[in-house]
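Student: Residues per chain are reported as follows:
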Amino acid sequence: MNKLIILIFLVMSFSEDTSRSDQFITRQGQVSFFSYTSVENIEAKNNQVLSIIDLSKGEIAVSMLMNAFVFKKALMHEHFNESYIESDLYPKATFEGRIVDFDPLADIQTRMIKGNLTIHGIANEVEIKTTIQNNNGSYLFTGDFEATVKDYDIKIPPILAPNIAKTISITFRFEYQPYEK
Amino acid sequence: MRNSTQFLIYFFMMLGLGITSNAQDLLETLEKEYPDTPQYELATFKASRLSIGHSIETRKKGILEIQAFNRFWNIPDYESQSFVADKLGARIGLEYGISDRLTFGAGGSTLESIFDGFFKYKLIKQRSDGKGSPLSISLFQNMAYRSERNRPFVDVNRFDEFGDKLSYTSQILIARKFTPQFSAQISPTYIHRSSSAFSEDPNNQFAIGVGGRYKLGGHVSIVSEYFYVFNPLKSINTYDAFSLGVNWELSDVMLQFQLTNTRGMTEESFITQTPNVFNFKDGNFVFGFNAIFVLHLSQKKP
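Sequence lines, in order, name chains A and B.
Quick note on the UniProt record's numbering: the first sequence kicks off at 1 and runs consecutively.
Quick note on the UniProt record's numbering: the second sequence kicks off at 1 and runs consecutively.
Rather than coming from a laboratory, the hints here were simulated on the basis of the structure.
Incorrect hints may appear among the rest.
[Claimed, not checked] Simulated restraints, written as ranges between beta carbons of each label pair: (1) A:K3 <-> B:D36: 42 to 48 Å; (2) A:E43 <-> B:N237: 55 to 61 Å; (3) B:F289 <-> A:M112: 38 to 44 Å; (4) A:D151 <-> B:K32: 25 to 31 Å; (5) B:T179 <-> A:G137: 44 to 50 Å; (6) A:P104 <-> B:I66: 55 to 61 Å; (7) A:N47 <-> B:E148: 50 to 56 Å; (8) B:D36 <-> A:A106: 22 to 28 Å; (9) A:M112 <-> B:T179: 37 to 43 Å; (10) B:F182 <-> A:V39: 31 to 37 Å; (11) B:E31 <-> A:A106: 26 to 32 Å; (12) A:E125 <-> B:I92: 24 to 30 Å.
[Claimed, not checked] Sample of chain A residues with no beta-carbon within 12 Å of chain B, all distances over it, derived: (13) T142; (14) F145; (15) A147; (16) K181.
For every residue, glycine included, the Cβ atom is placed at its ideal position computed from N, Cα and C.
Work out the full structure, taking the sequences as your base and the hints as a guide.
Tutor: Written as structure tokens, this is what we have:
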């Protein structure tokens, strides 16, 4: 009897372990942002974005270091981190959300991801339209959305207001592989 | 009985394990996935000058800085109808980032027609992740050529041969960014003058500079700097250099304003040969204004 119970629990614990493989991760996710104005175009790219998805729950999380963004001009990188994003105080931007009506088996699908985007220490609820491709056990998430600078309490001095767009367009590309601990 | 206690223990163990693995947040999982790459403090100071003296900052590779430094002062009881100020000194300079760590700069000053060139090398970078060095250290070496006598002041060096007019300054610039707002720097300085017009004057002088900046907002900071000379010149009265200023940076332009007592803009000139004390009287008070324009000659592809 006792052995049987132990066996049941062993099976249960193994099944819990296998549910872990529902998690997929990327360590080289790409996030770019663009600010187009008549005065100046600013673009930056981060190639070291971390993201994880949990297929069983349809949940997604993204985390990135703000100073890993690469700019065309070295001074832009300094100003972005020092004067605007204040990466001394808020080193990371994160996203935590849920994929609405996610079907892990579909080859290609376009879904809304709802969640909280935290930049500059301020969380805002966002909805992001994402194209999800299933390539034999790996997933590719791509999409773009816009974020308003004002929503994240990023201060821009009036004299530089023409140089920085009010809304920043952001594109992303995450290629997930099965997560092994 | 014994079996059932074993069962209960095992049951709770499994329950506990189940809870911990389920409650593990996805974001927390990601936190552990960050690679252990060193993180450095970004801008201890914004410009290559703290206020009057050099800061630890070097320009990144491929950046050319075009600089116009100006000093304005009045002469007491001076019969003139000059606009704003009686006298003006200027230094036009260029600085270029050879690599992310090494900067070369050169410039010419109108006062005493000093031409100077220097190298600055960023030796140690302060880490922001609590590991590694808590300080940033840069090495500075310059050479200055004084081509004109500064009348009516007494000249401390000879003007006979080319070599007589040279001076060398070496500095170890040590700085720490304490908080995102506050950074401080200490700079031991050694100055060598090739010739002395008076035998009582030292050819080698030692000084120490102390300075700091406090950021008022994202773009404006107040700065102050002071240089103490251990063995000042004996033939003329000199005073320690002091400056109180505001630095303002706007995208590619940096503006630095100073209230100071120094007129020269090369190290040997303002650290060892400032002939007046700092106060707001005519003849002593100097207003300084540095304009710096940053050009990115080589740009990265993002």
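Student: A separate judgement is required for each hint: does it hold in the structure or not?
Tutor: Results for each hint:
no. : hint                          : result
1   : A:K3 <-> B:D36: 42 to 48 Å    : holds (45 Å)
2   : A:E43 <-> B:N237: 55 to 61 Å  : holds (57 Å)
3   : B:F289 <-> A:M112: 38 to 44 Å : violated (55 Å)
4   : A:D151 <-> B:K32: 25 to 31 Å  : holds (29 Å)
5   : B:T179 <-> A:G137: 44 to 50 Å : holds (48 Å)
6   : A:P104 <-> B:I66: 55 to 61 Å  : holds (58 Å)
7   : A:N47 <-> B:E148: 50 to 56 Å  : holds (54 Å)
8   : B:D36 <-> A:A106: 22 to 28 Å  : violated (37 Å)
9   : A:M112 <-> B:T179: 37 to 43 Å : holds (41 Å)
10  : B:F182 <-> A:V39: 31 to 37 Å  : holds (32 Å)
11  : B:E31 <-> A:A106: 26 to 32 Å  : holds (30 Å)
12  : A:E125 <-> B:I92: 24 to 30 Å  : violated (53 Å)
13  : T142                          : holds (18 Å)
14  : F145                          : holds (19 Å)
15  : A147                          : holds (18 Å)
16  : K181                          : violated (9 Å)
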